[in-house]
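There are 2 protein chains.
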Amino acid sequence: MDDPNRLSLNLATTRMRWGGTEGIAGAARAGLRWAAPWRDQIAKDGLAEIARALNDHGVAASSLCRGGMFPAESAAKRQAAIDDNRRALDQARAIDAQVLVLVVGGLPPGSKDIAGARAMVEDGIAALLPEARAKGVALAIEPLHPMYAADRACINTLGQALDLCDRLGPGTGVAVDVYHVWWDPDLERQIMRAGAARLLGFHICDWLVPTRDMLLDRGMMGDGVIDLARIRRWMDQAGYDGPIEVEIFSAENWWQRDPDQVVAIAKQRFLEVV
Amino acid sequence: MDDPNRLSLNLATTRMRWGGTEGIAGAARAGLRWAAPWRDQIAKDGLAEIARALNDHGVAASSLCRGGMFPAESAAKRQAAIDDNRRALDQARAIDAQVLVLVVGGLPPGSKDIAGARAMVEDGIAALLPEARAKGVALAIEPLHPMYAADRACINTLGQALDLCDRLGPGTGVAVDVYHVWWDPDLERQIMRAGAARLLGFHICDWLVPTRDMLLDRGMMGDGVIDLARIRRWMDQAGYDGPIEVEIFSAENWWQRDPDQVVAIAKQRFLEVV
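Keeping their order, the protein sequence lines are chains E and X.
Following my numbering, the numbering of the first sequence begins with 310 at its first residue and continues without gaps.
Following my numbering, the numbering of the second sequence begins with 310 at its first residue and continues without gaps.
If we strip away everything but chain E, and leave its shape as in the complex, we get (with noise of 0.2 Å):
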């Protein structure tokens, strides 16, 4: 894929304005090859409808967001995360998404053994993987950036997902997100490490300075802090050819405009920055 075919419009980015029919819409009029819808939005307007639109407007699901969440307190609740995440595998194929991003989970509630809580990870994702398996859905762990581990996802660098992956085998990978990983001295490393076979997504946006808001003040990519050429350039060098979402939570100025305006701006800003 030359790369102005590579972006893709995870279906965030545009959550406040647009449902997910109405992104994938947006996606193709801006040019766009990929999609990626989150399932609050496909529980929304239906998974047929969702299909449907990818196939009318000619987009692909570059992965179908999220699952995940495993750690719970009680053994009841764990395999009711898992057995959503079967349900997920079936949503991902029904729309031909190869790859399903796991956001982990993070500390059960009232606990504070974070490597109980990893641990749990672990065995929620071994159960689900002979079914991934089987149904040729990727299983791409998100580490998610150390602010995020009591609340949302206790797996927080590429290192600890690789190694996750190293004990999980085939059928596994990771999704690299520019906003979790940039500050990593280790990063490029585990870029090379993880290779093109286990690299399932590259996510982009910015960090700005300052963050106001620890979850949703992301920035437009070239508006923050992060290098995101170097990254780009690791992740080629690693052997990743595949879409690049651009997913920007951005609660008081991204989801505030025209999403017609700022799917242009980043398909701009990707063929500039990126």
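These aren't lab readings, by the way, just hints derived from the structure by calculation.
Be aware that one or more of the hints could be misleading.
Claimed, not checked - Derived EDC-like pairs (lysine to aspartate or glutamate); straight-line CA-CA distance at most 16 Å: (1) E:K421 - X:D532; (2) X:K421 - E:D536; (3) E:K576 - E:D532.
What the hints assert, rightly or not - Negatives, chain E to chain X, calculated, CB over 12 Å: (4) G328; (5) A337; (6) D349; (7) E358; (8) R361; (9) A403; (10) K421; (11) R427; (12) M501; (13) A505; (14) D550.
The beta carbon of each residue, even a glycine, is placed where N, CA and C say it ideally should be.
Given the coordinates of chain E, assemble chain X onto it according to the supplied hints.
Relative to chain E, chain X alone:
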């Protein structure tokens, strides 16, 4: 030292209501043997007055907070930072602090080159080190949480800080602040790697869920999700037997309360949960 005698009041904890000398007096009233003043408090109250307060109250300085902030956009500004750190060494000596805590600094204005910033940190500490050794003040590199990588400190894990210590040699070590490192899957191993000789400080507070402000919403020990007893055990096993500083930045909660009560609660929690 038995446990109650190891607690130190980092004077950031009471900075809204108490200046430096007031904080030292407050620590003494609570029966503490240690306090850690900040340089802005020294600038305000006077170095001789802080030294006298420590002496009068029988309180020892567990550290001086803080040096660092080495990266800058010009050689002249980087030299100015080193010169400022030299003054901090003199201040540390004047109050008999054995340790200068280094918050190393983030990206220079306009820069996206975090590797370059890290090199500036290493150069800055290397330039400071001969004088620090001569004056008998140990330099404690404090890895800061990755959410501060851009604007406060580009050294973000204990392993990274120890790599730096390995290269810089004697006279350098680390300050382990639970707030910054609790999430690190490699934490136990890196504490053991540091060893007693390089463990120069141990700072405690807690990580709240949710965290409402990236800088000023730290929790009191026991109110968050950090397994303080586990980290304390690792520090014990590694041979750390120095002061343990409670350091809580909490604009909306602890900084608003009666500081005498805050110190009393910190002391109680220290004995109960750390």
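Each hint, compared with the structure:
1. E:K421 - X:D532: holds (11 Å)
2. X:K421 - E:D536: Holds, at about 5 Å.
3. E:K576 - E:D532: Holds - the C-alpha atoms of E:D532 and E:K576 are around 14 Å apart, at most 16 Å.
4. G328: Correct as stated: the minimum Cβ-Cβ distance to chain X is 27 Å, above 12 Å.
5. A337: The claim stands: E:A337 keeps its Cβ more than 12 Å from every Cβ of chain X (closest is about 32 Å).
6. D349: holds (20 Å)
7. E358: Holds, because the least Cβ-Cβ distance between E:E358 and chain X comes to about 34 Å, which exceeds 12 Å.
8. R361: holds (38 Å)
9. A403: holds (34 Å)
10. K421: violated (4 Å)
11. R427: The claim is violated: E:R427 sits with its nearest Cβ about 7 Å from chain X, within 12 Å.
12. M501: holds (16 Å)
13. A505: Holds: least Cβ distance 24 Å, greater than 12 Å.
14. D550: holds (24 Å)
Hints 10, 11, counting from the list given before, are not met by this structure.
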